[in-house]
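The listed protein sequences correspond, in order, to chains A and B.
In terms of this note's numbering, the first sequence has 4 at position 4, counting the first letter as 1, and numbering is strictly consecutive.
In terms of this note's numbering, the second sequence has 95 at position 95, counting the first letter as 1, and numbering is strictly consecutive.
Where hints are given, some of them may not hold.
[Stated by the list, open to error] Chain A stretches covered by chain B per the calculated footprint, using a threshold of three residues with CB under 8 Å from any CB of chain B:
| no. | stretch |
| --- | --- |
| 1 | 44 to 52 |
| 2 | 94 to 100 |
[Said to hold, decoys possible] With beta-carbon atoms standing in for the labels, derived distance ranges:
| no. | chain 1 | residue 1 | chain 2 | residue 2 | range |
| --- | --- | --- | --- | --- | --- |
| 3 | B | Ala-2 | A | Ser-14 | 32 to 40 Å |
| 4 | B | Lys-57 | A | Gln-45 | 25 to 33 Å |
| 5 | A | Lys-68 | B | Lys-14 | 47 to 55 Å |
| 6 | A | Ala-29 | B | Ala-2 | 30 to 38 Å |
| 7 | A | Lys-109 | B | Thr-54 | 47 to 55 Å |
| 8 | B | Gln-17 | A | Ser-80 | 44 to 52 Å |
| 9 | B | Pro-39 | A | Arg-69 | 27 to 35 Å |
| 10 | A | Asp-8 | B | Gln-17 | 22 to 30 Å |
| 11 | A | His-82 | B | Val-12 | 29 to 37 Å |
| 12 | B | Thr-15 | A | Lys-68 | 46 to 54 Å |
| 13 | A | Ile-9 | B | Thr-20 | 42 to 50 Å |
| 14 | A | Gly-53 | B | Thr-15 | 47 to 55 Å |
| 15 | B | Glu-59 | A | Ala-29 | 16 to 24 Å |
| 16 | A | Thr-55 | B | Pro-108 | 29 to 37 Å |
The hints are simulated quantities; they were obtained by calculation from the structure and are not laboratory data.
Source: prediction; values computed, not measured.
Beta carbons: idealized from backbone N, C-alpha and C, even for Gly.
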Amino acid sequence: AQSVTQPDIHITVSEGASLELRCNYSYGATPYLFWYVQSPGQGLQLLLKYFSGDTLVQGIKGFEAEFKRSQSSFNLRKPSVHWSDAAEYFCAVQGGKLIFGQGTELSVKP
Amino acid sequence: NAGVTQTPKFRVLKTGQSMTLLCAQDMNHEYMYWYRQDPGMGLRLIHYSVGEGTTAKGEVPDGYNVSRLKKQNFLLGLESAAPSQTSVYFCASSTGLAASGNEQFFGPGTRLTVL
Chain A
1 AQSVTQPDIH ITVSEGASLE LRCNYSYGAT PYLFWYVQSP GQGLQLLLKY FSGDTLVQGI
61 KGFEAEFKRS QSSFNLRKPS VHWSDAAEYF CAVQGGKLIF GQGTELSVKP
Chain B
1 NAGVTQTPKF RVLKTGQSMT LLCAQDMNHE YMYWYRQDPG MGLRLIHYSV GEGTTAKGEV
61 PDGYNVSRLK KQNFLLGLES AAPSQTSVYF CASSTGLAAS GNEQFFGPGT RLTVL
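The following block holds chain B by itself, in its conformation from the complex (with noise of 0.2 Å):
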């Protein structure tokens, strides 16, 4: 049971350039979340998504689009990457809604550079 896992650990591109972040998580779990996290501002949610076939935005989704065509990976993807994406990115997922106080847990995390 490897949990929630993510390709690649390490990236850097140059501006402009495209790239897609893989998430997969092998808990059957139908929430997928991915974050940013940028010093002194925590974690910011970028999009998630409450089952296969679906997204939707969260807090930062500038930049950013997703898709989730298996339930058991959340593909994050950078079309045209900006240097104020760098970031560490991290991805979650849950069994149920975050309303209902499911716990989210998270992938080691992928650090983006973009110059």
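Here chain A stands alone, though its shape is the one from the complex (with noise of 0.2 Å):
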């Protein structure tokens, strides 16, 4: 069965500082996977995907995910954290059906 899991419940970075958050997933076939980030009090937007092809994705807002098949990974990054990036932050495969993490939520310090 597919799961994703997100091994960080809260993590706090300095703004300016770099961020990766960790995401691995459990698929038996290559997956489709997603990052979402959800503003408090908002619904979720889609920061970028993979599907196939070249295994590091851009994505809106400065972040970026590479995909590791060996460690099925998918981790999120950003090389400069700003304070408006802290929200919730959700990892998603897609197989049969959407998949989420149980989320990280972000918070930035000045």
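Relying on the hints, combine the two individually framed chains into one complex.
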């Protein structure tokens, strides 16, 4: 069965620092992978997605993610975090249906 | 182009009351979904629809019913609300099958509290 694990429930980084949010998935074939962001009180917005091809994908707001098949991972990165990036981030895998991870809440220190 | 909209935004119910949540999309999407979001559990699929007049169960369907009488609308009903149904409910839509990697577009959510 497909599943997604986000090991970090909450992460705090300083503004301007780099960010990496971890995501591990379980799926029998090559999955479709997504990262969504949810700002407080808002719905989910798609940051980026991986379907096939280049394993490093670029998204909106300066985010990128790298698909590593050998590690079953799809980690999200940003070189320099802005205060407005504070939100909850969800990794999702889409095989038969879209399955979400538990989410990682990002706090940004001034 | 409003995308996916949800009505109402907030609601408080007493145990045993019923209510209907409305989701509407103006993107002509065939597929629509209802999720619930609970702390530490991500989003879980309640029911979904692959086209007008069709519905199917998701991961956590018990206590909910749905209807898709019009392509643009997807209704989620709670016949007898329970405190365990306190949650934030999200509707989503997509052009095609999840297995084909179609992106889902989400509404802003409905925050429901059952006392």
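The hints, checked one at a time:
no. : hint                             : verdict
1   : 44 to 52                         : holds (count 5)
2   : 94 to 100                        : holds (count 6)
3   : B:Ala-2 x A:Ser-14: 32 to 40 Å   : holds (37 Å)
4   : B:Lys-57 x A:Gln-45: 25 to 33 Å  : holds (27 Å)
5   : A:Lys-68 x B:Lys-14: 47 to 55 Å  : holds (49 Å)
6   : A:Ala-29 x B:Ala-2: 30 to 38 Å   : holds (36 Å)
7   : A:Lys-109 x B:Thr-54: 47 to 55 Å : holds (48 Å)
8   : B:Gln-17 x A:Ser-80: 44 to 52 Å  : holds (49 Å)
9   : B:Pro-39 x A:Arg-69: 27 to 35 Å  : holds (31 Å)
10  : A:Asp-8 x B:Gln-17: 22 to 30 Å   : violated (38 Å)
11  : A:His-82 x B:Val-12: 29 to 37 Å  : holds (36 Å)
12  : B:Thr-15 x A:Lys-68: 46 to 54 Å  : holds (47 Å)
13  : A:Ile-9 x B:Thr-20: 42 to 50 Å   : violated (33 Å)
14  : A:Gly-53 x B:Thr-15: 47 to 55 Å  : holds (51 Å)
15  : B:Glu-59 x A:Ala-29: 16 to 24 Å  : holds (20 Å)
16  : A:Thr-55 x B:Pro-108: 29 to 37 Å : holds (33 Å)
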